[in-house]
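Participant: Build the complex from these two chains, which are given one at a time in their own frames, with help from the hints.
Listed in order, the protein sequences are those of chains B and H. According to the working numbering, the residues represented by the first sequence are 458 to 1092, in order. According to the working numbering, the residues represented by the second sequence are 375 to 881, in order.
No wet-lab data here; the hints were simulated from the structure. Among the hints, erroneous ones may be present.
[As the list claims (entries may be wrong)] With a straight-line Cα cutoff of 25 Å, these simulated BS3-like cross-link-like pairs (lysine-lysine) come out: (1) B:K616 to B:K634; (2) B:K492 to H:K848; (3) B:K898 to H:K868; (4) B:K642 to B:K616; (5) H:K669 to B:K492; (6) H:K836 to H:K856; (7) H:K576 to B:K471; (8) H:K708 to H:K394; (9) B:K492 to B:K639; (10) B:K515 to H:K829; (11) B:K616 to B:K639; (12) B:K471 to B:K611; (13) H:K576 to H:K669; (14) H:K836 to B:K492; (15) H:K868 to B:K908; (16) B:K641 to B:K515; (17) B:K471 to B:K642; (18) B:K642 to B:K515; (19) B:K515 to B:K634; (20) B:K991 to B:K908; (21) B:K611 to B:K642; (22) H:K836 to B:K515; (23) B:K908 to B:K943; (24) B:K991 to B:K898; (25) H:K829 to H:K669; (26) H:K856 to B:K471.
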Amino acid sequence: MALVVRPNTWVALKLPSGISRVIQIAPNTTISLGKYGSFPANLIIGRPYHLTFELQDKLEGEDFSRLRIVPTTELYAEIFADEISPGCSTPTAGANEAAAHTTADAEDYTLIDAETGNVVARSNLATAIDETARQTLTQDEIEELKRDGTNAGKDVIAKLLLSHTALDQKTSFSLAKYKLMKTKKYIRRFQVLPMDVANFGNWQLEERDSSRILDMRAEMIGLVGCWGNAHYGGEDVFLDDPCASTEQGQEACAAVQEDLLRGRWLVVDDTCGMLVAALAERMGVLNPEYSDSDAEDNAPAAAAAETTTEESNAATAKATPASTEPQTNTQQQQQTDTEMADAQEDDGLPPTNPHNKPRPSDFAIPYSQTNTITVVHAASQPNLSFLNYWGFDHTAPNHPPHPLLSHLLTLSWLQLLQPSLDTSYATPPLVATPLELAGWKPSRRGNFHRKRRRFARTRHVVDTARAGNFSGLVCASTMDPISILKHSLPLLAGGAPIAVYSPTVEPLAALADCFSVPRRTAWTSGQVAEIVGKTGEELERWAGSEDFPLNPTLLLGVSIQTSRARRWQVLPGRTHPLMTERGGAEGYVFTAWRAKPAEGRVEAKGKFKRRKTEPSAVAGAAEGDAEEVKETAEG
Amino acid sequence: MAPNMRQGISPFLEPGPRTKANSLAILQLSRDNFLPVHLQHATGEHDGYAEGVVVNTRFGSFPHSTMIGVPWGSQIRASKVDTGSRGRKRKRVPGDDAARDENENENGNESAEPTDTPSGPKQAIAASSGFVHVLPPTPEIWTTSLPHRTQVVYTPDYSYILHRIRARPGAVIIEAGAGSGSFSHASARAVYNGYPKEGERKGKVISFEYHEERYKKMKEELSQHGLQGIVHLTHRDVYKGGFLINDGESPEAEAVFLDLPAPWDALPALSRQRPEGAEGATESGKPWVSPLNPKKNAYICTFSPCIEQVTKTVSAMRRLGWVDIDMVEIANRKLHTARDRVGLNLPQDRGVNNSARDVEEAISKLAEIEEKFRQHARPARSAENTGSKHGDNGKAVSNRKGAREEETSTSSRPWADGRLIVRGEPEIKTHTSYLVFAILPREWSEEDEAEALAKYPLGQEKAVVGDMDKASRKKLRQELLKKQGDKKTKRKEKAEKLDEKMDETSG
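Chain H extracted, bound-state conformation (with noise of 0.2 Å):
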């Protein structure tokens, strides 16, 4: 199921103006429910499907014949798919809408072993039961749908650190503990500047992951979502075994992600000279290589939920010469906009409040009430004296009852009704993880120093920059002004002469 992917341009990073066959689609089901799907031509039945690949869904079944070409963001209607008739569990009758019920158990999980039949795929025929929409996959959709592995970095988070330690395209950035992956398809989309072709250098993002299950699965996503040329991934443990790739190279790394349990135990490998009491690499006899780009500050962000492991990282990183050092935390939340409808006259709907709106309403919902209740006691007391009294008041009751049943009829615009409302989500997230912000810059040795210093010599201090209080800073610059609206006016003279000349001689 994992076509290879390495000629075309993941559709994360370029995805095209149209749904493509053997490239990832993410269907959007509702509002915050996400099925990545990989579309697959269909070449005849699949898995009991005469209409080949079907996702099945809630809101219906889509043959993926449906999704392929179409735009992205199109709204696909749900086809009539024989669900019922595949020869699992019971035999049904066709279209039975008992036996779709049963086999939409399996929603989503479409499983795929290409069947070797050689008719055509059967037509789709549009069906009622929904629609889904389908996306072009990012790294925001990937997020919340992808499947978990570990705890995931979300938007919220990776959005700002990647602002943060810099992640533009060309970068090269070191990411430790890939994860779910989350981290690695956004930073993947933020470096990426071309596919690099051989000897060529490019935005590549340097992964490693240490659990050897996660390591698979993650490569073969990488593969499928055609980010292997951007994604290098290697299956180890950063701990001990540092931060070089391909034997020994230098990845030349001017970012670094670190989501381990230990920040600390790995930053060691990330100094630019070899750190005391480091073995591995001596081992060989080979010179200590750094895996940052010597000649550019490396930024940093580690990812620890515990305030300990804050603690330890940043007393690391400071003894290893980081600076800048700021640690933050992201507070982030979701608000929901909706019509907050509060009145006595609303219709008993879902989310209406059916308390007063306002105290004039209270007011006069009471004031009714006593009426009421008087006329209720007044004919114990005297029915014959008050008898034609009392009708009036039933009819004006009445009358208002009706005014009120009007009223709530003629409201036919329910999305205009009642305040516009925001309020949180039910449930937020309070606290993902620390982030430890550091850079370390470049070294710089004393004949650094003397090249610069020849190149720039000192002594030609022409002008001071900076030294001026507010007073004189601005006369200067109105006398500047002044200076240059005589220029403009002599310059527009001139021209005018030039013009006038020039209209002499064609003239």
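Extracted from the complex, chain B is given alone in its bound form (with noise of 0.2 Å):
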């Protein structure tokens, strides 16, 4: 991740009301608020992550608000207050029971001005109540304090609360209640978060469109990720250029080498690519590598390098500046009209450019063989447009450097199940004699030179997904996880971890149910007629049946889990859990791991007198499953 704001990445300003504004920073541009105000886009760039800016009233000449940087000490100045406040005494003083007694006493709330230090408003809890308490400031009053309103809209609300009649009367619940919710609506503060995996999945679950992500909640992503087992695979290590002349056909592509293969996760992301990155992310693989002495450095490379691809997307960016979603459509729109020039002047060049180094082969392998994603999508195309949010677009023809590009690798389902009846896979690469190539106009050469291209990686892409040994599976899809694992268990490495995500868990329990025990039993003790001699390997490959959609023996430890944080709110004598917090769809995780089952019949008899010899035995549901399995599998 990035050290400070760098221009044109996406940021989330989160505001006083709670509420993110997820934005594209890009340099030279103001940021508007809405009520809260607007400020240059400059102010931030460059800046660090998690500062919290207040937008200060415009100065004599400028038409913009400069913005200062909120200490801590500010922030929390209400809080410190109640600490000290009588009857509460401060942890730090080194008193045992803090924040106890608070309500207790009569005079328990004050309102304490942050820079003066003097007190603004107090509660009584002695006096009751007064609900029909009134504002005496007029809505049109209110309004002229937000209009010329000063010292980041603070003056409103301290005006705010002493024109209220009943503000005494409050007690310390209500009146910090009612000044949480003034600060919340006048106040003129935000703070700059950045796009991460964690950042963006709240912000995609909370304010935007859950479904598109399918309910996944961060405790589904850090368990989905553990289970899986994603992580770095591996230093890069690339195929040799097969350094094929364009008079080669696919005889000259460069063979899939099965030892190199390592540290290679199978995915299934119906989540817009949120899943991918999350893998990613524990890949190491998601943010470009900026290291700390270089960094400041790199910046305006970086950004230079940015701004060539932002190129088309900045017209987009800069004509539809309030949306604060990527243009997915548009974009992708842009780029395949785009494709077609870009495919000229990058290919109708002599190949050997003189500033460059020397240009690869049409058949060179641009992926790496380690630490790869390879995702498997139903439709022609992945949906992967939320990487968009992480400076990776995988419809873009000449992308900028990202680690991404040579690390994520996709394939529909029909490449990986049937290539033969896939056009790019099946179709043999043009050739041409470097005579007849230069004969040709540019865009036909480069047309010719991208086809090639395209099926050199195709072919290695499906190859090597067939080959399977992958380290692991990751699903979070809609689709059946049963017709998933049929097709993705036999490319598992054994001892391989399976981690399915689903927003529900029926589809789970289904897949649970088909390695449940008496299914184990009927499989391994004989009494399924259709597997009666077949090898081991064709079990692996068990297309299914009625009773048995998949081979039960494959997988290990098959357990389903569901996982919740539960918020609270830390305040000095008002610590509870939050009183509401997100329903829908409860999110649950189903784990296993490959197993290689022994060929031939497998005994076990076992040995169970109930003794209290084995410490872990606890005498759950989950051992008894285990006992019955070993126990019947003699039959």
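Facilitator: Below you can see the structure in the form of structure tokens.
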């Protein structure tokens, strides 16, 4: 992750109301926060994340607001006042019963002006709460205050509080609530948050369309990543460029070297790319590397690189500035029609570009053999539109450097399972002699190279995927998980973990039922007529029958779980869980490991005297189940 | 027993395709029963076993030789191992079942003292007592199978924590209270981006443990697991000693996990500048060094079981300038699926509820009983009249019984019977600990601000972002799309013309 806000990155501006504005920070623009005011983007570019800025009053002769970093002592001023108030001792003073008796005191909540330290208002519990209390300021007066409001809205808030006739009769709780409400409405502050997977997920879930990420909460992203064992899969290894001349066909393609393939995860993603982003983050291929020292020096260069791709996007971004979502539709359209132009510009050039390194041949494989994510998609193109937030556009033909370019491989289910039916895989590459090539128009030459490159890449992606031995499988899909596993289980290495996310439990329950104890028992004890005489190899690729949709011996430790984080408010004397939280889909994760069943009959009579010898032998249902398998497996 | 793994990559990070000797493997005995085993080559008789090192479980005996060099996930059959004649306790006839009973009390606790008998190991012979699966170690399995020294941070908690504190490849994480090591393993996997070569900076876990016994155990474990290059373990009380490593050097951490009884006592040491009242470091006259990376924001998570600890921690965090303070607790539930079989006509199996499946079945059963009752009562009153009828009824009943038996015998698909249900596990963890998250932004001085202002000067603003209402935004977008459409058609025309020309020239 970048150390400071970089030009043209996506950030979330967190407003006092709790709403996030997600925007791409283009240099030399003005960012408007609606009623909170506007400020130049250059004031937050190059600054660190997580600082709280306050929009200051416009200086004379300037038509923009400058920003002030709000120190934390100011942010927490009221809480500190609370802690010091009588009857409530601070923890730093070493008191033990912190904040327990706050409400017992008659006068217990004070409103302190952060700068002067004067008490603005106090609450008084002795007098009853007056529900009919009124704000004496009229709406017009408030509007006027807002218009020429100074001091970042703090004046408005203070005036509002002071004009409240029954302020002294409020309890500490209601006063605090009232103040908070008004602060949210009027204070002109915001925080710049980085667009990483955690923040993006929260924003998409809470404020945008949660169904697009299948209601995947942070807990679930964490669980899926850990149970899927997704982690850095080793240093990049690239295949040698076969240096194929344009006269050579597919025989010149670099062969798949299975021993080089390591640290590869198979992914089925229907969350528009958020799952891929989460896994890429765990594998260290989501964000471009910035080392500590040259981070600053790189900034302009990186920005320059970005602007080149942004060129086409910038038009959209600038023209529709208020939009908070990457313009995937328009962008895609643009890219498809710029593709031709790009290809022309790029490939029309003679192959020996004087100021560039020698161009790799058409059959050079740009993908690393290790630390990769292979996405299998149901449509002809994968939907990875959310990766735009991390500066990666899957549809862009000439992409600026991004780690995902060499670590993200995509193929369709058709290409994976029946490649011969896929045109781009099955059509042999075009060939031409250099003489022929020289005679062609640049555009035709460009297309020729582009098609050959696409052929080699498709060939490589499909062949490596079909070679299997993936280190793990991670799914968050709307498709039936049974069918996904039917085709992906044979591709997993032994012991590889499987993590399948689903917003609802039913599909996962049906999946787990395929590996139930009675099914496994019947399978291993030879009761199933269809499998008699089949080899282990054949059973691994079991096509499924009505009773046995999946080979029940291919998975170990099948389990379903769900997690929920319950959030708390922690304030002196007012600590409790939040009153409301997001409902909707709960979210479940199915986990298991890929097994390599022994060939032939496996007997297991076991030995079960219920003794207290095994410390971990908690006589639970799970244990009982497992015992049953082994007991009954003998048949 | 602790072989030097320095040259190899930890099996937690890259297990490779097959099991290896001198490396950790996990045996799955049953669903939730895992046994970590350090695989060893058999050089001869070991501990009285002719097959070399042997693991004894209640599913039989497993010589290591049968588990080395197999693909991960393999199912391993038990072997016929002579566990009786090892000269312990009483001598028994080899292969005697009773003898095995006796010795299996020590299952799993294979004591490892290499013996010097030169004769090669005996070839293992498969037995029918059972099987295990051999799995590559992962932090998840390790967490469920590790030897407990303290309370363990379980997967639901650490997966969420690592996500929230942005533990990514290349990050440096401080962990205080290594405890049983479950978090150390999980965070080592998260930050791993290769083993550091001399002078190279790579992802690292800076771990502290004040308890000497635990520290030693942990140290041994790390070397066995090949993780010393990733986890830097120090024996220290961080309340007093702080978080610097290698005698006053800053680890430059960007994430912190505190599993301590009093996190607020450790927090001052995690400041950007010398905290008020900090002694320790001043004594030597050296300048105070922050353990945090000065150029990055620091993410923290503290793990405390009691709410009082949380209140104090949060209060201390606010005073030390941490922002975005957020407290959550994680509730995790495991679910089991089963087939719920209810019905009067089902076989009397385990887990079958032999009561009526639905109202119809209840009625037919009740009617049947009523009928029986009537027939039973009737002969007493008018035996002669109804004699013939009774006989018919009796037949009918027996017929129905026959049908029922048929029904039960035909259901040879026990896996598909009944309704599929999902149920929670019998015991759930309702509370593990409260997690307090916070962020300490990097320092931003006036000079930094001036530098940034010079680099990105003001006054050239061209466009306004985020200032449009929905309607005008929509309009603009539509216009843009239209323009693009025009462009596209123009380009197409151009391309067609080109093609035509080409055709002409070639033709």
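Participant: With a cut-off of 25 Å on the C-alpha distance, tell me whether K991 (chain B) and K908 (chain B) pass.
Facilitator: 42 Å, violated
Participant: With the threshold set at 25 Å, check whether the alpha-carbon distance from K991 (chain B) to K898 (chain B) stays at or below it.
Facilitator: 57 Å, violated
Participant: Take the C-alpha atoms of K856 (chain H) and K471 (chain B), compute the straight-line distance between them, and say whether it is at most 25 Å.
Facilitator: Since the Cα atoms of K856 (chain H) and K471 (chain B) sit roughly 34 Å apart, the hinted pair is violated (cutoff 25 Å).
Participant: Is the straight-line distance between the alpha-carbon of K515 (chain B) and that of K634 (chain B) 25 Å or less?
Facilitator: 30 Å, violated
Participant: Need the status of pair K908 (chain B), K943 (chain B): alpha-carbon distance at most 25 Å?
Facilitator: Judged against 25 Å, a Cα distance of about 33 Å means the pair is violated.
Participant: Does the structure keep K611 (chain B) and K642 (chain B) at a Cα separation of 25 Å or less?
Facilitator: Distance ~11 Å between K611 (chain B) and K642 (chain B) Cα, so the pair holds.
Participant: Tell me if the straight-line CA distance from K836 (chain H) to K856 (chain H) falls inside 25 Å.
Facilitator: 24 Å, holds
Participant: Keeping to a limit of 25 Å between CA atoms, is the pair of K641 (chain B) and K515 (chain B) held or broken?
Facilitator: 21 Å, holds
Participant: With a cut-off of 25 Å on the C-alpha distance, tell me whether K642 (chain B) and K515 (chain B) pass.
Facilitator: Holds, at roughly 20 Å.
Participant: Given the hint that K576 (chain H) pairs with K471 (chain B), test it: the Cα-Cα distance must not exceed 25 Å.
Facilitator: 32 Å, violated
Participant: Need the status of pair K708 (chain H), K394 (chain H): alpha-carbon distance at most 25 Å?
Facilitator: 33 Å, violated
Participant: Can the restraint linking K492 (chain B) and K848 (chain H) be considered satisfied, given a maximum Cα separation of 25 Å?
Facilitator: Distance of about 21 Å is within 25 Å: holds.
Checked against the numbered hints above, the structure violates hints 5, 7, 8, 19, 20, 23, 24 and 26; every other hint is satisfied.
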